[in-house]
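Colleague: Below, each chain spelled out in residue letters.
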Amino acid sequence: MTGKTLYDKLWDSHLVRTDENGVSLIYIDRHLIHEVTSPQAFEGLRLAGRKLWRIDANVAVPDHNIPTVNRHQGITDPISKLQIDTLSENCKHYEIREFAMDDPNQGIVHVIGPEQGLILPGMTVVCGDSHTSTHGAFGALAFGIGTSEVEHVLSTQCLLQSKSKNMLINIDGKLQPGVTAKDLILYIIGQIGTAGGTGYAIEFGGEAIEALSMEGRMTVCNMAIEAGARAGMIAVDDKTIEYVKGKPFAPKGENWEKAVKYWQTLKSDHDAVFDKVIEINASEILPMVTWGTSPEMVTDVSGNIPMNGNGIYRPALEYMGLEEGLAIQDVPLDKVFIGSCTNSRIEDLRIAANVVKGKKVAKSIILAMVVPGSGPIKRQAENEGLDKIFTEAGFEWREPGCSMCLAMNADKLEPGERCASTSNRNFEGRQGQGGRTHLVSPAMAAAAAIEGKFVNVCELFEVENGSV
Amino acid sequence: MEAFKTFTGIVAPLDRSNVDTDAIIPKQFLKSIKRTGFGQNLFDEWRYLDHGEPGQDCSNRPLNPDFVLNQKPYQQATIFLTRSNFGCGSSREHAPWALLDFGFRVIIAESFADIFYNNCFKNGILPITLPAETIKKLLAATVKTPGSTLTINLTEQEITDSRGDVIPFDIESFRKDALLKGLDEIGMTLTYEKEIRAFENKHKKAQPWLFSPINSSASDLPCGIPEGSPIPQGKRR
Chain A
1 MTGKTLYDKL WDSHLVRTDE NGVSLIYIDR HLIHEVTSPQ AFEGLRLAGR
51 KLWRIDANVA VPDHNIPTVN RHQGITDPIS KLQIDTLSEN CKHYEIREFA
101 MDDPNQGIVH VIGPEQGLIL PGMTVVCGDS HTSTHGAFGA LAFGIGTSEV
151 EHVLSTQCLL QSKSKNMLIN IDGKLQPGVT AKDLILYIIG QIGTAGGTGY
201 AIEFGGEAIE ALSMEGRMTV CNMAIEAGAR AGMIAVDDKT IEYVKGKPFA
251 PKGENWEKAV KYWQTLKSDH DAVFDKVIEI NASEILPMVT WGTSPEMVTD
301 VSGNIPMNGN GIYRPALEYM GLEEGLAIQD VPLDKVFIGS CTNSRIEDLR
351 IAANVVKGKK VAKSIILAMV VPGSGPIKRQ AENEGLDKIF TEAGFEWREP
401 GCSMCLAMNA DKLEPGERCA STSNRNFEGR QGQGGRTHLV SPAMAAAAAI
451 EGKFVNVCEL FEVENGSV
Chain B
1001 MEAFKTFTGI VAPLDRSNVD TDAIIPKQFL KSIKRTGFGQ NLFDEWRYLD
1051 HGEPGQDCSN RPLNPDFVLN QKPYQQATIF LTRSNFGCGS SREHAPWALL
1101 DFGFRVIIAE SFADIFYNNC FKNGILPITL PAETIKKLLA ATVKTPGSTL
1151 TINLTEQEIT DSRGDVIPFD IESFRKDALL KGLDEIGMTL TYEKEIRAFE
1201 NKHKKAQPWL FSPINSSASD LPCGIPEGSP IPQGKRR
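Top line first, the protein sequences correspond to chains A and B.
So that you can map any letter, position 205 of the first sequence is 205 in the working numbering, and since no number is skipped, the others follow by simple counting.
Remember, the working numbering sits 1000 above the position in the second sequence when you count from 1.
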């Protein structure tokens, strides 16, 4: 008998039953809830007269709509306010733990989950949000679901699933200084395409993944969905356990010892067979910048926008207001956004601050903003003086939330504005109707704010400063 | 959910790959707490020349005459035809809600993104995957004869065009079954309540830490602030 992959192990340990058609009922350990994709599910639950299956599996936080400035004034947009109030009412009614807007630990759902120890290795984690794949960084099976499935989880604690295929992306070698987890995942998406992982659960492994911090691993798994895979995951190692240890909701005492023993088994067996294996050499990767309207439209910072070939890039280039053949470093920028569930963790802010320190935002940049992923990250950054570094350079320092990653609140691009963004999607209109997004790492976004354009950030990092 | 029946409808072609759910229904419309009413904002940024806001009367908005759904025969379309990786990106079920609300019951594409594909079935929409070559032919035929129709027979897994040519398609049997019967999946799952409870008990015994209290009515909860950080001002649970 051949060994099991990490995905096989997580699947098998949550399998309630499989029917004759091969459809399985999978038990869900943690259900994360936010304001946008949950109201219709709670309404469905109520209309069907059903009960919530298990209160303690659920945790909620408003993040998509909430303002990142003047929060004490409340929400001025009445439609947003109704959605956030609806979440609070639903949580109150069903006794679900909510990190409400005025909670000091509120933040982006995919940031606060791990930060609070609400995400643990070996869990199945779902949320009505495609970036739930983030939590695979903990050796968990985590994926995004639609609102009907949110209702299904609320009502039954289970989901109907067919098993995905196994893919291994093995990244050997070392990332160069200045090349980060974000560049790595953008590079991978450039290689396999935005549908490359469709139908698969992707495990990321190899020397470069082992070398990443948990923050970096979350960045990689976060964008597995941008490669088409609902779930991305990484084996548990000492870093995983070290990160979880002492977190508010992490197991304690005897349970901790027992949990760690189990978590250490959460890796693919040596003889596990994957349906597909992709090999990547980390040392070849340079800082990456997207130029189009899909994350796969990406090149390294020394590159040029590709020639149009058979015209397939025409709609993207027209939308982006760019010409084929143009050097990425010649693209002028208007705004800079550092934040989102991809890149708003303390490590991201430290790297960005390191680049910004003692410098000023270029005059041509209309707005450069930093939106920390959570209350605790914001406070941690302030304790370290990072907020001062940013504000002295001319950045705005905001309250935590999804903000300009998807522009559901007031933070958005105006038509035609071009933004260097640490978020995850460069789709048309994503950051505001007519807005133009270039996805980059926090180091690149910070450097772009200073220079007003993209530069090779590797040159800013000395070789001995390899931790960056 | 409405059961899926055999029907004939006009095909609207969108010759484009990687159409994401942000394009299908832009974010500002996701602020609604309802499941209905999204049809008028389907493809809002491509369909209208101005900026749309939720709750707006769309009947007087300037239309983009180049967009397929604004052209005459396609306003009545019920079958959507497109290229690869349709519905990629955000998990928002508002995307199939908007397509359904507009009138679409079938989407034919070279491939679909996983979450979107799954969401379609939950709403009685049939997503059909066909080979690239077949999609190309169908797109060409639709462009040549605007307003042409297809007949979808889910039971037989066949698409028939107006000339009588038949294209077979594959679909997983459980999905087909659920669509044909319009099953309530939650109700079906709850018939296994005993099995779920048995699994849960076993799971709890093996990994008791997964069942720790976190809800707001439980006592002895940690305040949620990582060790070493100062206690902030504000509400403390």
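No lab work stands behind these hints, which were simulated from the structure alone.
Quick reminder that beta carbons are idealized off the backbone N, C-alpha and C, glycines included.
Worth double-checking, as some hints may not be accurate.
As the list claims (entries may be wrong) - Just some of the chain B residues that point at chain A, by a computed CB distance under 10 Å:
(1) P1026
(2) K1034
(3) G1039
(4) Q1040
(5) C1058
(6) S1059
(7) Y1074
(8) F1102
(9) S1111
(10) V1166
(11) F1169
(12) D1170
(13) Y1192
Colleague: Give a verdict on every hint.
Modeller: Here's how the hints hold up against the structure:
no.: 1; hint: P1026; verdict: holds (6 Å)
no.: 2; hint: K1034; verdict: holds (7 Å)
no.: 3; hint: G1039; verdict: violated (16 Å)
no.: 4; hint: Q1040; verdict: violated (16 Å)
no.: 5; hint: C1058; verdict: violated (15 Å)
no.: 6; hint: S1059; verdict: violated (20 Å)
no.: 7; hint: Y1074; verdict: violated (19 Å)
no.: 8; hint: F1102; verdict: violated (18 Å)
no.: 9; hint: S1111; verdict: holds (6 Å)
no.: 10; hint: V1166; verdict: violated (25 Å)
no.: 11; hint: F1169; verdict: violated (17 Å)
no.: 12; hint: D1170; verdict: violated (14 Å)
no.: 13; hint: Y1192; verdict: holds (6 Å)
In the structure shown, a violation is registered for the earlier hints numbered 3, 4, 5, 6, 7, 8, 10, 11, 12, in ascending order.
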